[in-house]
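S.K.: Listed below, chain by chain, are the residues.
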Amino acid sequence: MNNLAMHRRMLGDSLVTSCLQTRRHLQRYLDGEADPALAERITRHLDACRACGLQAHIYQQIKTAVCRHATEPPAEALERLTAFAEALPRQRT
Amino acid sequence: MRAGRPIRLPLSAISHPREGKPPPAGSAGVAPAPSPDSEPTPDAAGSTDRQARYDSVVLPQIAVMLRVATTITSQPADAEDLVQETLLRAWRGLDRFDGQHPRAWLLTILRHAEINRHRRRRPSLLDDPADATERHLAPVVPSAEQQVMDRAFDSVVEAALIDLPTQLRAVVILIDVDQLSYAEAAAALGVPEGTITSRLHRARKRIRSRISKAGLTPRRHP
Numbered sequence: 003m004n005n006l007a008m009h010r011r012m013l014g015d016s017l018v019t020s021c022l023q024t025r026r027h028l029q030r031y032l033d034g035e036a037d038p039a040l041a042e043r044i045t046r047h048l049d050a051c052r053a054c055g056l057q058a059h060i061y062q063q064i065k066t067a068v069c070r071h072a073t074e075p076p077a078e079a080l081e082r083l084t085a086f087a088e089a090l091p092r093q094r095t
Numbered sequence: 403m404r405a406g407r408p409i410r411l412p413l414s415a416i417s418h419p420r421e422g423k424p425p426p427a428g429s430a431g432v433a434p435a436p437s438p439d440s441e442p443t444p445d446a447a448g449s450t451d452r453q454a455r456y457d458s459v460v461l462p463q464i465a466v467m468l469r470v471a472t473t474i475t476s477q478p479a480d481a482e483d484l485v486q487e488t489l490l491r492a493w494r495g496l497d498r499f500d501g502q503h504p505r506a507w508l509l510t511i512l513r514h515a516e517i518n519r520h521r522r523r524r525p526s527l528l529d530d531p532a533d534a535t536e537r538h539l540a541p542v543v544p545s546a547e548q549q550v551m552d553r554a555f556d557s558v559v560e561a562a563l564i565d566l567p568t569q570l571r572a573v574v575i576l577i578d579v580d581q582l583s584y585a586e587a588a589a590a591l592g593v594p595e596g597t598i599t600s601r602l603h604r605a606r607k608r609i610r611s612r613i614s615k616a617g618l619t620p621r622r623h624p
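Heads up: the sequence lines are chains A and B, in that order. Here the first sequence is numbered in this note's numbering, starting from 3 and rising by one per residue. Here the second sequence is numbered in this note's numbering, starting from 403 and rising by one per residue.
Any given hint might turn out to be false.
Partial list, derived from the structure: chain A residues whose beta carbon lies under 8 Å from chain B [as the list claims (entries may be wrong)]: (1) Tyr61; (2) Pro75; (3) Thr84.
Honestly, the hints are just simulated from the structure, not real lab data. Small disclaimer: the values here were computed from a predicted structure and weren't measured. Glycine included, C-beta positions come from ideal geometry on N, C-alpha and C.
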């Protein structure tokens, strides 16, 4: 019995459909791009479905790992650019 | 994964506008090439309003612009130059800005400025994207046996990220590292938002596959 058939048997057809929809929209959900109604449905599904919940967890871990590349821009560069931007209108008008 | 090590992208990650066709009037980032002759000459009251509008629209986005510029250029100095050029173009194109989505508007200007910046350079000085990838993204191949689980996981994610095709990697970095929305990433790269979604899906699926192959699938804690 493959995973889909097993889930169908264990969770019922309606939830299996939700599995497909959940995985289709999972990235958008994790990135905060899903609309509130969709996000609510996905949240409920992830709580109920172990397989989808695990997949979401893995993708969230990946996002977290990638986020560690984040660095703050150099403060000096930000100051120079802000000063440039603030002076620009006064120079040009 | 080493913290504080930005991943750079070659220019090939950015979609170029069609050759010989300027962006349509009224769209984001349509500021013409810098020219003293194109300077607006508003009256004093209009000037003050314009200045206030520029300050409220543009100044809050400088840090984001610098992060994105750092992602799509190979040198911090280039990133700063690029943002400076973007600030200038934004000032000149401010009257054409419709007030919606200032960050996406500015990132579109930034993308056009980056493309023009490379056009001005001599061909011999242009970066070879593959070479740039080698220079900035040396692969990291950790020994899982010698590292704790989370560090091994991070290392595999980093290696998988490095091995992604440039177009896929660009989207992951803009969304996860630079924290852009899908619409903003679409503006920065000059592609439809649907392309951002599909590239992101493919990229993360590949990373996940690498993690699975490495036997590092994390457990879900209750």
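S.K.: Next step is simple, just say for each hint if it's right about the structure.
M.R.: Taking the hints in turn, this is what the structure says about them:
no.	hint	in the structure
1	Tyr61	holds, 6 Å
2	Pro75	holds, 4 Å
3	Thr84	holds, 6 Å
Of the hints listed earlier, there is not a single one the structure fails to meet.
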